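Visitor: Protein chains in written order, with the UniProt record's numbering: chain A, 1 to 370; chain B, 1 to 370; chain C, 1 to 370; chain D, 1 to 370.
FYI, nobody ran anything at the bench for these hints, they're computed from the structure.
The structure presented is a predicted model; accordingly, all values stated were derived computationally and were not measured.
Heads up, the beta-carbon is just placed ideally off N, CA and C, and yes, glycines get one too.
Check the hints yourself; a few may be wrong.
[To be verified] Not the full set, but computed from the structure, chain D residues with beta-carbon under 7 Å of chain A: (1) Lys204; (2) Gly293; (3) Tyr294; (4) Thr296; (5) Ser332; (6) Asp336; (7) Val369.
Number of protein chains: 4
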Amino acid sequence: MTLQVGVLGYRFMGQAHANALARLPMFFEDAPDVERDVLIGRDEAALADAADQLGFTRTSTDWAEEIDEVDVFYNLGPNHVHAEPSIAALESGTPVFCEKPLAPTLDVAEEMAQAARDADVPAGSAFNYRFVPALRYAKGLIEDGKLGEIHHIRGRYLQDWLVDPDAPWSWRNDAELAGSGALGDLGSHTIDLARFLVGEQAGKIERISGQLQTFVDERPVEGSDETRPVTVDDAYSAQAEFESGAMGTFEASRFANGHKNDHTIEIQGSKGSLRFSLERLNELELLREDSRGYETILVTDETDPYIEHWWPPGHVIGWEHTFVHENYEFLSAVADGGEFHPNFEDGLAAQRVLDAIERSDATGEWVSVG
Amino acid sequence: MTLQVGVLGYRFMGQAHANALARLPMFFEDAPDVERDVLIGRDEAALADAADQLGFTRTSTDWAEEIDEVDVFYNLGPNHVHAEPSIAALESGTPVFCEKPLAPTLDVAEEMAQAARDADVPAGSAFNYRFVPALRYAKGLIEDGKLGEIHHIRGRYLQDWLVDPDAPWSWRNDAELAGSGALGDLGSHTIDLARFLVGEQAGKIERISGQLQTFVDERPVEGSDETRPVTVDDAYSAQAEFESGAMGTFEASRFANGHKNDHTIEIQGSKGSLRFSLERLNELELLREDSRGYETILVTDETDPYIEHWWPPGHVIGWEHTFVHENYEFLSAVADGGEFHPNFEDGLAAQRVLDAIERSDATGEWVSVG
Amino acid sequence: MTLQVGVLGYRFMGQAHANALARLPMFFEDAPDVERDVLIGRDEAALADAADQLGFTRTSTDWAEEIDEVDVFYNLGPNHVHAEPSIAALESGTPVFCEKPLAPTLDVAEEMAQAARDADVPAGSAFNYRFVPALRYAKGLIEDGKLGEIHHIRGRYLQDWLVDPDAPWSWRNDAELAGSGALGDLGSHTIDLARFLVGEQAGKIERISGQLQTFVDERPVEGSDETRPVTVDDAYSAQAEFESGAMGTFEASRFANGHKNDHTIEIQGSKGSLRFSLERLNELELLREDSRGYETILVTDETDPYIEHWWPPGHVIGWEHTFVHENYEFLSAVADGGEFHPNFEDGLAAQRVLDAIERSDATGEWVSVG
Amino acid sequence: MTLQVGVLGYRFMGQAHANALARLPMFFEDAPDVERDVLIGRDEAALADAADQLGFTRTSTDWAEEIDEVDVFYNLGPNHVHAEPSIAALESGTPVFCEKPLAPTLDVAEEMAQAARDADVPAGSAFNYRFVPALRYAKGLIEDGKLGEIHHIRGRYLQDWLVDPDAPWSWRNDAELAGSGALGDLGSHTIDLARFLVGEQAGKIERISGQLQTFVDERPVEGSDETRPVTVDDAYSAQAEFESGAMGTFEASRFANGHKNDHTIEIQGSKGSLRFSLERLNELELLREDSRGYETILVTDETDPYIEHWWPPGHVIGWEHTFVHENYEFLSAVADGGEFHPNFEDGLAAQRVLDAIERSDATGEWVSVG
């Protein structure tokens, strides 16, 4: 049986997932067969071009018509478009794979999670960094107790594409369309990774204190003399206390000059520590119990997560490979009826933390994570 | 004229400063002549040994008798001993050089600063990292506007000497003797560097939110079966808003497994960025306005701060050299009647931030820095 | 028109090129249309499986029958199989793309190059590292004179898959089948990159002195009790003088414990310098004329070579992407009648250097490169 | 008893050793007592200033008069001044400590070594990098078999102070005064370290092939319109075969733009590997048998060589500390009648390799090391 996939959204994420779907047969032989059936959007001409390039059989401008037609529905649109089609698809019994963050606001995220609970099909949340081999390897080490009791978790996601005040306005700068700025776009990844990596050892984040900052208040609209207000954060920081007493510090920025896609995670425990940077995603730095310093591991051996599907040791993979792994796991869960994580529940859990950071910023107080 | 120096304290800091004094004549020819006159402490036998090793002419167990006898008084004792002798010396018109943090508590720091204001002799606060050539070079770059408007300041000071729960209790674990733990010992350095580096561009820290954590509650007393309670923090984190709107995040720990003396500072501005780590103190990483990435600069050229006194390019200096530079500047100020920074006012300013972090941790709210 | 491609070889290189062909339509819209027509090999069952996985229409066990049937012939077999089919294809007027090194010996390489000269179709030599964006960017900098006069070129290619004396014997350990060991397999890449990067500035290598070493003389045959002799080098080193007087030092090893695929290039000139490592292939370290240290550049901006086809800044690519770029350029040359480099002439030029290194090792003398 | 030390030479090396002598009492309590007795040179005025700065009791312009007066004679003059005073001192029974390389030529080095053999006092060769804690720790690991059988030794010493063709002429550019250029000045350090680190495991260098290059043939004389010829090498490279079959590659340059004092050593063995760079001299990168990558070790723990004399973990030392360790060991050998390495025999052994490299360059052949 071939899974017919419908995809809403054909820009950056559309291409990343289409590429992933296209690569599965050659590298993941046990992945379900997939047809890129329908590409869904609003602009018919652009959609036709994209479908041609991305290898979709047909196009549609009406998601509502398609959610019953396809075996899987990918929602890759902007944040404010996540809820309605995803919920409708789930209500129709169609598995959904939705980009992150789950929703612009916590309320909406809760509705989506409820819809996922009510459905009995997989509802995936596309936190692709869980599928970086180095991070999956890291998780295994933590689960095996190699780091001991966790004391510190530190996550920073630094980009600089807004440091120029004349960088153009986009939906990502708008509270209605995006919910939040660096916090939701980048911070949601960090929070999800913290949960993924140390959630079992350190428990959940109990309380958190946050700070949002907008450095440039309005930006030019491309191709016009107009400017529009920036109604989301350009950067956030947060400090957290986990159930276990572990301390977390988190930060993201679109103003971190010199950093393009620099997502770093650092964890220190009673027996060992580790460090990771997305810009060197094939590497993990690991302090073992009996060693004297961080060991720089190239996580490209056949025994490393997903690597047997790719190339020999030292033949590094790229950012896009995380989408192949993610799609492989999600589609396998769809085909086999298995469980997939991160799911909408995980997306909701991250959203609760994002929401708490916003509440803390608004009130100037530490807040409990709901 | 030779300055007679009296030094209270003969352990780690005693040796660091005695070494600095001993090295001035060979490397800083225009430094004032100095005699290591008297070493002050309580244990006469240990004191005699130390004086012999460190090159002091005589010893004393009574600082009160010595503060009038010497031309300069160095207070290198534990934090709870900073105030009384320093204030007495200043009241006698003797210049004082006091280890950091200025005092265990803000109240005491304010008394000390008041005494310094009332005296007209230098009162130095020994934040030696201001005298790392790479950081002094960094400050010059920032002053010259090379980083533009400052958006982010990030400082972390990571050590791991307490990660073993059986590491012995010391005065540094006691609130009465030390005031605070990682916060005062390590965080005071970070806060001072933040002020030093971006104080003029970003203004002062207006509000701050902090978190203290103690991971191990009691520790064994060396050479006994007893344990004593740990009444200070093992780690702290904080997030700050500067006057200019710049965001600061700060953190220190004595539980950061794998990090020995890892004090890192990162600053991102509208035109450039920089990074520094104390474990590689001869290096500065600099993003310039027209470059595409961080440049790793070995700050060991003849034109770099203090380097003409030392060795040819690439012949790296060590941690202790910061004390030589610091002593050179302080003693020159004493001899020439010049101004020295960091002084007690700077020490007080850092202490206000430390105090605010403690208040925020206690109240669970953002607080203004007094 | 769709180019029908026939591919001889279906293992490591077969998959790398098949993947490249498969990805062109989605990412390089102006690439010629390609059909993976026929996969050629000896073992019919394995071939059928591979053709299925790699997306070929049909299979064949007789390359001689196919070289006229296809529009392009890819020769991805072991080194000793490079010559005959490639020459036959060229004689039939079929463009050929052949894996590196061009041939096991210089004599054979010369025959192949002659066949390419006699044909008027592209004959490509698959030195894929010329298509790493960071290296192509580096070449542009050198051409623009950013490094000035070249003084030093240093190239090392370190792997460790043979450091275990029980690692099994393969064709790569046999002089008949492979020609040489680390020298041809790894060194050919280094020599080609040196030519590519500094060939115009430093001229050709005039004389060279080389050393080959075999650390383990025989190896077990997998699945048997037998051992077979290792008749090629496990490692080589060489030192070279270029026409301009520039000094080159080259080295490769399969015994460099801890190095998986560590191909580093370092170039120092009168105005600037650069460094590259294949294990961090998205990065280039560059010393500019007016800077003080190497700048770590993430070569992932839209303006960087080939990057506009992929992802936003900082979303790193992998090793396999070099094959996509290489195939794009080669197939475009085939379709448009353009010139493609590296071609068999380039392959021959590298082989002359390899041969000179072997002659030098045999005679214990510096030798001229023919 | 206090050792009276006479020192010939008061520039760079004079200061490095004077500083080392001055620091012994405070940090190495069991070091012999030393008086900086007499500073020897030719220019009386400069000498007087230097003696004052460096803490010598008196000065002399006639070394011949002093070699009997002192307990230890330090020869820190240019290379062509190494032989005569050192031999005379040894003939007088005065221990000698001589800067490296031992002599400008192999003949002279042999005379010096013979004089040392005939005397029964220590004759030290000042290869200070043997006293870097990280390298001494490395040697211990190699001796303990942690790297297994040695396959590769790689040493490079890169500087760039001559890359500017207008950098002034000095004695270091003259064959009469210096013997050789980068080869003797920098290469001698590398060769000595290779012997120190792997001499017991890999045996001696049996044969070697070398290349010398001079990029700029004449240089301006400072303060005049004159130029003088450069009669030594600006850079060298060499490849070597050790008795065990291990491969060595060596290189040094004064034209390596962007490298100030970048002396790197890399060793790969059957069980492990290590890397070191002088510009980060507190660090050692170590691949252990059971680990997956190089571990970055800060060699500043109390248990590390010499570190208990200095500061707590992570409080890094500098280049000059190697001289303190070296002087401590040499003077202890003088006082206790013990053996000191590196001695003149070690200096001679290095010189044999340098000489072989020069012979190989001259003849274009591999040569045996005498």
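Visitor: When the hints from earlier in the document are held up against this structure, which numbers fail?
Guide: 1, 5, 6, 7
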